[in-house]
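In order, the protein sequence lines correspond to chains A and B. Quick note: the first sequence, position 249, residue 249 per my numbering, numbers continuous. One gets my numbering by counting positions in the second sequence from 1 and adding 1000 to each.
Simulated from the structure, these hints should not be mistaken for laboratory data. Treat the hints with care, since some could be wrong.
Pairs of lysine-lysine residues, derived as DSBU-like cross-links and limited to a Cα-Cα distance of at most 30 Å, are as follows [said to hold, decoys possible]:
id : chain 1 : residue 1 : chain 2 : residue 2
1  : B       : K1228     : B       : K1139
2  : B       : K1044     : B       : K1002
3  : A       : K161      : A       : K228
4  : A       : K194      : A       : K328
5  : A       : K228      : A       : K328
6  : B       : K1139     : A       : K139
7  : B       : K1044     : A       : K2
8  : A       : K139      : B       : K1257
9  : A       : K44       : B       : K1002
10 : A       : K61       : A       : K195
11 : A       : K2        : A       : K398
12 : B       : K1061     : B       : K1195
Protein chains: 2
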Amino acid sequence: MKRIYLDHAATTPVDPRVEEAMRPFWADVFGNASGLYEEGRRAKEALGQARVTIAKLIGAKPDEIIFTSGGTESDNLAVFGSARAAMGTPPSSSKPGFETSKKPGFFPLGGVEEAARFHIITTKFEHHAVLHPCEELEKRGFNVTYLEVGGDGIVDPENIKRSLRPETVLVSVMYANNEIGTIQPIAEIGKLIKKYRISNFSLPTSHFPYFHTDACQAAGYLDLNVNKLGVDLMTVNGSKIYGPKGVGFLYVRRGTKISPQILGGGQEMGLRAGTETVTLAVGFAKAFEIAQSERESESNRLTPLRDYFIEQLMKKIPKIVLNGHPIKRLPNNINISIPGTGGEEMVIRLDARGIACSTGSACSSEFSEPSHVILALGQSREIANSSLRITMGRNTTKEALDYVLDNLSDIIKQHD
Amino acid sequence: MKRIYLDHAATTPVDPRVEEAMRPFWADVFGNASGLYEEGRRAKEALGQARVTIAKLIGAKPDEIIFTSGGTESDNLAVFGSARAAMGTPPSSSKPGFETSKKPGFFPLGGVEEAARFHIITTKFEHHAVLHPCEELEKRGFNVTYLEVGGDGIVDPENIKRSLRPETVLVSVMYANNEIGTIQPIAEIGKLIKKYRISNFSLPTSHFPYFHTDACQAAGYLDLNVNKLGVDLMTVNGSKIYGPKGVGFLYVRRGTKISPQILGGGQEMGLRAGTETVTLAVGFAKAFEIAQSERESESNRLTPLRDYFIEQLMKKIPKIVLNGHPIKRLPNNINISIPGTGGEEMVIRLDARGIACSTGSACSSEFSEPSHVILALGQSREIANSSLRITMGRNTTKEALDYVLDNLSDIIKQHD
Chain A
1 MKRIYLDHAA
11 TTPVDPRVEE
21 AMRPFWADVF
31 GNASGLYEEG
41 RRAKEALGQA
51 RVTIAKLIGA
61 KPDEIIFTSG
71 GTESDNLAVF
81 GSARAAMGTP
91 PSSSKPGFET
101 SKKPGFFPLG
111 GVEEAARFHI
121 ITTKFEHHAV
131 LHPCEELEKR
141 GFNVTYLEVG
151 GDGIVDPENI
161 KRSLRPETVL
171 VSVMYANNEI
181 GTIQPIAEIG
191 KLIKKYRISN
201 FSLPTSHFPY
211 FHTDACQAAG
221 YLDLNVNKLG
231 VDLMTVNGSK
241 IYGPKGVGFL
251 YVRRGTKISP
261 QILGGGQEMG
271 LRAGTETVTL
281 AVGFAKAFEI
291 AQSERESESN
301 RLTPLRDYFI
311 EQLMKKIPKI
321 VLNGHPIKRL
331 PNNINISIPG
341 TGGEEMVIRL
351 DARGIACSTG
361 SACSSEFSEP
371 SHVILALGQS
381 REIANSSLRI
391 TMGRNTTKEA
401 LDYVLDNLSD
411 IIKQHD
Chain B
1001 MKRIYLDHAA
1011 TTPVDPRVEE
1021 AMRPFWADVF
1031 GNASGLYEEG
1041 RRAKEALGQA
1051 RVTIAKLIGA
1061 KPDEIIFTSG
1071 GTESDNLAVF
1081 GSARAAMGTP
1091 PSSSKPGFET
1101 SKKPGFFPLG
1111 GVEEAARFHI
1121 ITTKFEHHAV
1131 LHPCEELEKR
1141 GFNVTYLEVG
1151 GDGIVDPENI
1161 KRSLRPETVL
1171 VSVMYANNEI
1181 GTIQPIAEIG
1191 KLIKKYRISN
1201 FSLPTSHFPY
1211 FHTDACQAAG
1221 YLDLNVNKLG
1231 VDLMTVNGSK
1241 IYGPKGVGFL
1251 YVRRGTKISP
1261 QILGGGQEMG
1271 LRAGTETVTL
1281 AVGFAKAFEI
1291 AQSERESESN
1301 RLTPLRDYFI
1311 EQLMKKIPKI
1321 VLNGHPIKRL
1331 PNNINISIPG
1341 TGGEEMVIRL
1351 DARGIACSTG
1361 SACSSEFSEP
1371 SHVILALGQS
1381 REIANSSLRI
1391 TMGRNTTKEA
1401 LDYVLDNLSD
1411 IIKQHD
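All chains, please: the whole structure from these sequences, using the hints.
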C-alpha cells in the first residue's frame, strides 16, 4: 500500500540534494576539523563554510552559530546556559570572548539562595526541551513564570511585558508551536524586551533578559532573520527541514554570555565540546539553504491546501474543533480535536489505511498523556486527548488530502 | 601527492560497509522512532536492532545502551550524571527504573555544602571530556582526586584503592589513553571497586562508587565485555572505529542511578532527550560490529608494524623518547617526543610531505598547550611540547611507515 506521510512536524526525510552534499564527507573529507594537517584543514574549511551559509541565512555572523546535536540540545543550552552564566560559574573550557563577567557580589557562585535571585519567563505550551530545563531550574531555586497562552494559541506580548522584572535573565518563546503551528509575535516581543533593557540601563542587569526562540518548526516557512526578530538566542535543527537528524545549531548573539553544558575539547567557540560532526553540519547547511529558498513557494502552495482540508473536514464532520488560530499558523499545520475519540486510536486507525500522522509532539508520544499544548489553550482534557496533528510536506498533494478526508470521516462515522 | 593518514586516534574515515548500512535510513526509513505509525515503528525497530547489536558485543542488555551524540557527551553524562544523581536532584524526565533514590537526609537537594560530601577519583591523564567536568564539579564543591600516572603511562590500581572513601561516588579511568595508547588495568580496578563496595555493605552509600571507563580508543582493539571489566558506565563512540561522527553510547549498568543532562522528550530510557538519530545509530552499530570482529586480526597485523617503526626510529634517531609503555599500549599507537623540536612544527613539516599525524589530542590542538598527558607521566615541558602521535589504521602498510621513517629522520636531521 502506498503510504501518505503527514507527520512532517515530527521529522522529514532527507532531501536527495542534502544526501548528495554529505557524500564526500564520510570517507573522503573525513578529517578531524581540529587537525593541523591537510585532512583537518579541509574538514575545518567545510565546517566553516556551513557556518557561513547558515549565518547568512539568518543575518548573523559565523561565530554566532554554535553547532549542536539537535533542537533539544540547543534548547537546553539556551536555557541552562543562560541560567548558569547568570549564576556566575565560569565555564571551564570557554574562550575569552564568551566568558562570564564576574561582577563580585552580583553573580556569586552558589546554590539555592543565589538561584532565587533570578527569574525566567516562558510559556505553558513550549516544547518539553524548554519546559523541562525550566522546571529543573525551578527545583534548584530559580523563579519561573509559565505564561498563559490565548485560546487561539498565540502568546500576548502584553503578558510578557507585565512579567518582566529586573532579575529576569531569560525569556523563551517558540517561533511556531510544534503541535498546533501557531506563529508567535516574536519580533514584537523582541522589541519590547529591547525597550525594557534600555529602560534598565542603570542596573547591573541591564544586559538581561536574553530572548530565546525555538525556531525548529518555523525554519521551513518563515523569515529567520535574527535582527528583525530581535532574538539573542535561536534554536534550529536539521530533522524538520529535510536535513539529517542529529544536528542543530544555537544562534548566540555576540555579547550574550552563556555557559557550555558539554565540556571537553573546547570546540564551537568554547560553547560545545566534542569532535565536530562536519558531515552533518554540511548537510544541515544545505538543507537550511534549500528550505529558506523554497519557503515562500512552499508556503504559497501549502496554505490553500491547509485551508481546503480544514474547510472540507468541518463540512463533513461539524463537531471537529480546530486547535489554534485558523490563519496565524504554519502553512503545513492542521491540528484538530475530534470529541468522543482518542487521538492515539485515530492515529492507529489511519495508519492501517496507509496514513501517517500523530496526536501531537512525537517527542512525548511514548507517554500517552494529554497534550500540554492543547491544555494550555484552556481546552478540556477530552479535547486534549482527542487531538490529531496532520503536518504536510513537500510531497503532499491535494489527492492525498482527499484520500485522508474520505478515510478520516469514514473512521469517525464508524466510531460514532 | 598521495597522502599517508596516520591520525586514526583523532578520527577514522567511515567504512564503506557502514555508509551502505546507513543509506536506507536517510530518505526511506526516515520516521521519528517515537511515531506510532509504520514509518515510526520501522525506525524504532532499526534503532532497537542497533541497540541489541551493541549490547551483545559488550555483554550488556539493550536497555543499558544510551545513545548520545558522541564520546564527549557520553563522558559528560557519566560524570555529571553520577554527581547529580548523588546530589539527589531527581531528573525531570527519567523513567521509574532510573530514578534517583531519595533517602531523606542522605541525598539532600542543595548547593556547595552538600556537594562537599561527595568525592570523585580520576586520573591526571584522562581526556578533557572527563577532566573538565570533574574540574567543574570541583568548583561547585565536590572533592576530586586526580591520580598520578606511572612514568610508563599506566595507572596503579593500588593508588585507586588507597584513594577510595565511603563518600566516593565515581571512579573514572580510561581504558586506553588517547594520546599514548597505554592500556589501563580496568578489570583489576573493577574488581577492587566491587570488593570495596561489598566491604561497605552496611553503609547507605554501599552502591557507590560507580566505575566509569572511556573506551573510545580501545573499541577497535580490545575486549569491551562490561562484566569482565567490571564497569558500571562505559563510553564508546563512532568516529574512532570507522563509524560516523556525531554518535556514541554510554553503557549504564542496570541499577546505576544517573541523572540526564539533556532534558526534553524523555528518549533513551529517560536519560537523553532528543529525536533519536536512527541513521547514525545504525551506522555506529555496524561499525562497532566490524571493529570488534576484526580487532584481533588488526591487532596481530599492527603490533609488529608498531614495534618495527619504533625500533627503526630509535636506531635512526637515538635521542627520541618513546612516551608510554612499549608493549602495554594499543597496537596502532606510536607516541614519541623529539627533544629540541616542537610537536606542531613537526606536524606541519610532515604534512608538507604528505603525512598526517598530530601532536596529541586533536580535541585540544587548537590551544597549543603542552600535552597534559605527557606532563602527567612526569616528563618535562620540553618533552611534552615535542610530542608526536602517529596512530595507524586499517590502510596503514609497512611501505607507508618506511616513507614516514625516511622523512621523519630527514626532517630531524635538517632541524638539528
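Regarding the pair K2/A and K398/A, is the alpha-carbon distance no greater than 30 Å?
-> holds (15 Å)
Straight-line Cα separation of K1044/B and K1002/B no greater than 30 Å?
-> Between K1044/B and K1002/B the Cα gap is close to 42 Å, so the pair fails against 30 Å, i.e. violated.
For the pair supplied as a hint, K228/A and K328/A, is the alpha-carbon distance within the 30 Å limit?
-> holds (18 Å)
Regarding the pair K44/A and K1002/B, is the alpha-carbon distance no greater than 30 Å?
-> Given that 30 Å is the threshold and the Cα spacing comes to 20 Å, the pair holds.
Would you check the hint for K1228/B and K1139/B, treating anything up to 30 Å between C-alpha atoms as holding?
-> Violated: K1228/B and K1139/B sit about 35 Å apart, past 30 Å.
Assess, step by step, whether the Cα of K139/A is no farther than 30 Å from the Cα of K1257/B, and give holds or violated.
-> holds (19 Å)
Is it true that the CA of K61/A sits at most 30 Å from the CA of K195/A?
-> Given pair K61/A, K195/A holds - Cα atoms ~24 Å apart, limit 30 Å.
If you draw a straight line from the CA of K1061/B to the CA of K1195/B, is it 30 Å or shorter?
-> With Cα atoms ~24 Å apart, K1061/B and K1195/B stay inside 30 Å; holds.
Holds or violated: K161/A to K228/A, with C-alpha atoms at most 30 Å apart = Measuring from Cα to Cα gives roughly 19 Å; hence the hint holds.
Assess, step by step, whether the Cα of K1044/B is no farther than 30 Å from the Cα of K2/A, and give holds or violated.
-> holds (20 Å)
Are K1139/B and K139/A close enough, with their CA atoms no more than 30 Å apart?
-> holds (21 Å)
Can the restraint linking K194/A and K328/A be considered satisfied, given a maximum Cα separation of 30 Å?
-> Satisfied, since the Cα-Cα distance of roughly 24 Å is no more than 30 Å.
Checked against the numbered hints given earlier, this structure breaks hints 1, 2; the rest are met.
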